[in-house]
Amino acid sequence: MAMKWTFIKSFFQKYIKPPYWLHLCNRFINFTGKIGQTLTDQTANIKNLNERFRNVEAHELLKQLGAENPGRIAFSTSLGAEDQVITEMVHKISPPVSIFTLDTGRLFPETYDLLSITKEKFGVDIRVYFPDSEQVEEMVNQRGVNLFYDSVENRKLCCRIRKVMPLRRALTGMDFWISGLRKEQSPDRAGISLFEWDTEFGIVKVQPLAEWSYDRLWSYIRSGRSRIIHCTTKDFRVSVVSHVPEPFCPERIFVPAAGGGR
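Counting from 1, position 230 in the sequence shown corresponds to residue 230 in this note's numbering; the numbering is continuous, with no gaps.
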């Protein structure tokens with residue numbers, strides 16, 4: 001590594017006038033310093049947000065956040081139970097929160113039906129982001145349709161092309177990203193907070209249902225207080241690249257419904 005940097009420095013000294021390469025070095029130092037300062041500022045910001053909204057109900061948190069940050073909030077829905085609850089909450093907010101979903105190209109037909117029903121019943125615009133068709137075509141032709149079963153490398157590649165890159169486009173220009181993650185969903189999510197700084201996308205991630213239990217979630221859905229769309233019959237298993245975390249179908253659409261739930 002030391003030899004590599006020595007070569008780079010020698011190159012700049014030999015082929016670029018000293019004042020300019022010194023200027024570039026200073027720019028780099030200033031840039032890295034600003035990154036460190038940004039992370040420090042965001043750490044303090046996240047701490048303040050978590051303290052401020054610690055005892056605030058999810059719907060009120062979303063309402064206040066929306067009023068204070070118009071046009072700067074995006075909600076990513078995968079049409080799961082948590083996301084349907086949040087959709088029911090944010091569709092009432094004015095000015096409206098931007099809602100989007102990712103179509104990986106590997107979704108169940110029932111998912112498209114549910115997306116259509118959700119948009120109609122809540123009266124919301126849910127923008128759909130797709131992966132780059134040329135990248136998908138090249139990936140599939142080189143590594144196969146079901147490449148994600150073959151290796152971890154292939155799974156990461158598939159996820160990057162079908163999910164990460166479209167998600168990055170969807171979050172461009174936004175300051176807050178609402179997600180339906182809950183602590184109880186998995187051991188990896190047990191440590192999440194209401195607000196977190198997402199370093200990969202450079203955005204504040206908001207998880208209003210982080211503290212909700214499974215029972216509280218489904219109690220809210222069955223309570224009859226809302227028009228939440230949920231499945232009560234079929235069981236659709238999640239695939240490796242599908243982003244639908246719950247078994248949903250459009251056959252049973254509004255609560256209260258006897259025997260509802262997953």
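The reader is advised that the hints may include incorrect statements.
Stated by the list, open to error - Taking lysine-lysine and the DSS-like style, the derived pairs with C-alpha atoms no more than 30 Å apart in a straight line are:
1. K119 x K163
2. K205 x K121
3. K121 x K47
4. K63 x K156
5. K63 x K183
6. K47 x K205
7. K92 x K183
8. K63 x K119
9. K156 x K92
10. K119 x K47
11. K156 x K121
12. K205 x K63
13. K92 x K205
14. K63 x K92
15. K205 x K156
Honestly, the hints are just simulated from the structure, not real lab data.
Computed from a predicted model, the values in this text were never measured in an experiment.
Legend entry - Violated constraints from the hint list, given by number and in increasing order: 3, 4, 9, 10 and 11
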